[in-house]
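K.L.:
Listed in order, the protein sequences are those of chains A and B.
End of the first sequence = 469 in the working numbering, gap-free, step of one.
End of the second sequence = 258 in the working numbering, gap-free, step of one.
Treat the hints with care, as some may be off.
Stated by the list, open to error - Which chain A residues stay away from chain B? Per the calculated CB distances, all over 10 Å, these:
(1) Asn13
(2) Leu48
(3) Ala162
(4) Gly373
(5) Ile405
Said to hold, decoys possible - Each computed DSS-like pair below joins lysine-lysine, with the alpha-carbon atoms no more than 30 Å apart:
(6) B/Lys130 / B/Lys92
(7) A/Lys2 / B/Lys232
(8) A/Lys262 / A/Lys235
(9) A/Lys309 / A/Lys296
(10) B/Lys130 / A/Lys2
(11) A/Lys237 / A/Lys262
By construction, these hints were calculated from the structure, which means they are not laboratory data.
For each residue, glycine too, the CB sits at the ideal point set by N, CA and C.
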Amino acid sequence: MKLPDLTELAVRNLRESVLRNSLTTIGISVGVASLVAMLSLGIGLQQLASRRLMKSGLFDTVVVTSRRDLRNFNRDEERNGPAPAESRILDESTRREIESLPNVLEANPDIRFITELRYEDKPHLMMVAALPPSAQTNDAFEALQGHFFSSDIAPEAILQKAFAEELLGKTPKAGADETNVAELAAPLLGKELTMRYAQREAAPGTPVSTAPDNAPSTGDSLAAAAYSVVSREQKLKIVGVADLDPESMRGPTRARVFLPLKLAESLHVMQPTDLREISRAATDEPVYSSLSVRVKSPSLIQAVEDTVKKMGFNTFSILDASRSIQQFFKVLDVFLGIFGSLALAVAFIGIVNTLVMAILERRREIGIMKAIGASDGDIRKLFFAEAGAMGILGGVVGVALGWAIGQVINLGTNIYLKRQSFPPEHFWAVPWWLVGFAILFSFLVSLAAGLYPAGRAARLDPVQALRYE
Amino acid sequence: MSSTARVSQNDAPAIRVEQLCRHYRMGDTLIRAVDGVTLNVRTGEFVALLGSSGSGKSSVLNLIAGLDRPTSGSVIVQERDLARLSREDLAKYRLHTVGMVFQSFNLIASMTLAENVELPMRFAEVNRDKRNDLAREALERVGLQARMNHRPSELSGGEQQRAALARALINRPQLLLADEPTGNLDSHTGTEIMDMVSDFNQQLGMTVVMVTHERALAERYAQRLIFLADGKLIGDESNAAVAGQGATEDASPHRERL
Numbered sequence: 001m002k003l004p005d006l007t008e009l010a011v012r013n014l015r016e017s018v019l020r021n022s023l024t025t026i027g028i029s030v031g032v033a034s035l036v037a038m039l040s041l042g043i044g045l046q047q048l049a050s051r052r053l054m055k056s057g058l059f060d061t062v063v064v065t066s067r068r069d070l071r072n073f074n075r076d077e078e079r080n081g082p083a084p085a086e087s088r089i090l091d092e093s094t095r096r097e098i099e100s101l102p103n104v105l106e107a108n109p110d111i112r113f114i115t116e117l118r119y120e121d122k123p124h125l126m127m128v129a130a131l132p133p134s135a136q137t138n139d140a141f142e143a144l145q146g147h148f149f150s151s152d153i154a155p156e157a158i159l160q161k162a163f164a165e166e167l168l169g170k171t172p173k174a175g176a177d178e179t180n181v182a183e184l185a186a187p188l189l190g191k192e193l194t195m196r197y198a199q200r201e202a203a204p205g206t207p208v209s210t211a212p213d214n215a216p217s218t219g220d221s222l223a224a225a226a227y228s229v230v231s232r233e234q235k236l237k238i239v240g241v242a243d244l245d246p247e248s249m250r251g252p253t254r255a256r257v258f259l260p261l262k263l264a265e266s267l268h269v270m271q272p273t274d275l276r277e278i279s280r281a282a283t284d285e286p287v288y289s290s291l292s293v294r295v296k297s298p299s300l301i302q303a304v305e306d307t308v309k310k311m312g313f314n315t316f317s318i319l320d321a322s323r324s325i326q327q328f329f330k331v332l333d334v335f336l337g338i339f340g341s342l343a344l345a346v347a348f349i350g351i352v353n354t355l356v357m358a359i360l361e362r363r364r365e366i367g368i369m370k371a372i373g374a375s376d377g378d379i380r381k382l383f384f385a386e387a388g389a390m391g392i393l394g395g396v397v398g399v400a401l402g403w404a405i406g407q408v409i410n411l412g413t414n415i416y417l418k419r420q421s422f423p424p425e426h427f428w429a430v431p432w433w434l435v436g437f438a439i440l441f442s443f444l445v446s447l448a449a450g451l452y453p454a455g456r457a458a459r460l461d462p463v464q465a466l467r468y469e
Numbered sequence: 001m002s003s004t005a006r007v008s009q010n011d012a013p014a015i016r017v018e019q020l021c022r023h024y025r026m027g028d029t030l031i032r033a034v035d036g037v038t039l040n041v042r043t044g045e046f047v048a049l050l051g052s053s054g055s056g057k058s059s060v061l062n063l064i065a066g067l068d069r070p071t072s073g074s075v076i077v078q079e080r081d082l083a084r085l086s087r088e089d090l091a092k093y094r095l096h097t098v099g100m101v102f103q104s105f106n107l108i109a110s111m112t113l114a115e116n117v118e119l120p121m122r123f124a125e126v127n128r129d130k131r132n133d134l135a136r137e138a139l140e141r142v143g144l145q146a147r148m149n150h151r152p153s154e155l156s157g158g159e160q161q162r163a164a165l166a167r168a169l170i171n172r173p174q175l176l177l178a179d180e181p182t183g184n185l186d187s188h189t190g191t192e193i194m195d196m197v198s199d200f201n202q203q204l205g206m207t208v209v210m211v212t213h214e215r216a217l218a219e220r221y222a223q224r225l226i227f228l229a230d231g232k233l234i235g236d237e238s239n240a241a242v243a244g245q246g247a248t249e250d251a252s253p254h255r256e257r258l
């Protein structure tokens, strides 16, 4: 029999016992809907997480340190490279070199120092760090009170919530870490902080080299190595208070006060590396303790890390952590898929039952068809077509149903998030491939369910079937 | 008569049944529904299989129709041994060579008459336009053109059997097999149906094998009467009243009398 004829007969037969077939189709729909709902939740959560992680700046950043820095992250790897004393320093020229590597968006020096900050004549000691303009998109600043730096050179500061609490003399109560940032920010925004710091100043008469000096210098420059350290003050306007911690990966060295990067560079704050490198070159050229290298996408991290390592530096990234998160979502998807499929398994049994019932009911009809020339294959195909039609219909309805369930849950959760004053989120995604996959899967499951009934109908003995009343 | 002339030229039997047996096992007992039947039916002949219920006449018809397979012996139709055909080929045989009508009409209740009639052509993969034309033509032939879009339940028994006849003829088969075609009809309607069957036999040259238990009906229409009892052939006689109308003289090797 030709396909259009098969389809026509199948649809006609389905319409003949419309209640039973509708119920079976609804069973399939519910199964598909639960599968779609579960999978789209998994996909949505994964997309949300990777969106979040991308914004956090954790997964697209490589921290580059000199091997000369004996305090750095990857101790073990140092055994493989050149000895620390013979390896390169991280200065402006290497920064530019790294920034020009393929797939690198930017390489920013990490400037951080512990210093004294006065607020309303009360001194506070705190870690200060510089932020590049690109940090603006970091999701730590998503719920920023106030605004980001007006320019990269503006004498402005952004405070982390914990320091804001300290300035206001509020100590967070145990367990109540959800202090409202808006309340903290209100009295602080626009106020002035006075930062006292140690400035490195080239000693008078010292030749100032501006050219990059990559070649390891030896003792002959020793005589010239000299600079003075001067205490300075800088007034900073508080423009923002951040709720989250943009430096959570830094652990104990994370800062609570942030300055624009260019401003911080212009201050020439004395860095620990200055002391270490004093024996090498007495230049005004800054030597960085570490660089934050932003890469185009997390997938390119490994390649960039390898290149930078070959240049003779140490690197660190949270790539491995990101890998295990990806793995977690894969496992989550599988689990959600299995739960979703359970409902479809029930629907599978429903289809088998419906079609077996249909055989009993249409036994005589099958006998007639065989008597007038239907082959086993025709009968088998007819039952397959009925199962397939129910599968496709159930699949389409199920996808729509699953999508609707998702929308409702998304809406409900966003209402909840709004009440908790969180920004709305899309943690529900029904990509087109899932729509196609769900309908195809439903179709295939239905065909599989039709396998036994169709075979049974095809093997029916026409003489017996015709005798059946 | 033209059909007589044509048949005379072709003496090869349309159906050759040799030592045909069909045994069933029911529990511990062996039922010999058909037990060593041998008979020939010539092309264009109208043969009635007579016998009481349980005589095996319907079983013989089912074996000739290719609905059932013999336990032993053979049914040879147009030089093809049905016992040796695959299930697929047997279905093709039923589709193209045989048309069947039944006592209970066996129309499909969910389909209109036109759909019922064109159903065999769906299996034969005839295209839709041709199917529609042929179905209309066939229904016109049996006088049902006005009822084409009615369902069987909306029709009288006679009309249903006429539709079944139209369906049996739609693929232009050489054999028309009728199993008690008038069994569910009153005598007037029965006569109407039998006239049609007889018409097909004489005008289209179709070979007809009809199972019936009504001897009067058989004598009125069939050229040959074959009697069965307990699965065995017990009589095979030419019907002088109609013999001249269809095929030539009875040439069956079994000429036992009742």
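K.L.:
None of the hints should be skipped; say for each whether it holds.
P.N.:
Hints, verified against the model:
no.	hint	result
1	Asn13	violated, 7 Å
2	Leu48	holds, 51 Å
3	Ala162	holds, 76 Å
4	Gly373	violated, 3 Å
5	Ile405	holds, 36 Å
6	B/Lys130 / B/Lys92	holds, 20 Å
7	A/Lys2 / B/Lys232	violated, 43 Å
8	A/Lys262 / A/Lys235	holds, 15 Å
9	A/Lys309 / A/Lys296	holds, 18 Å
10	B/Lys130 / A/Lys2	holds, 14 Å
11	A/Lys237 / A/Lys262	holds, 16 Å
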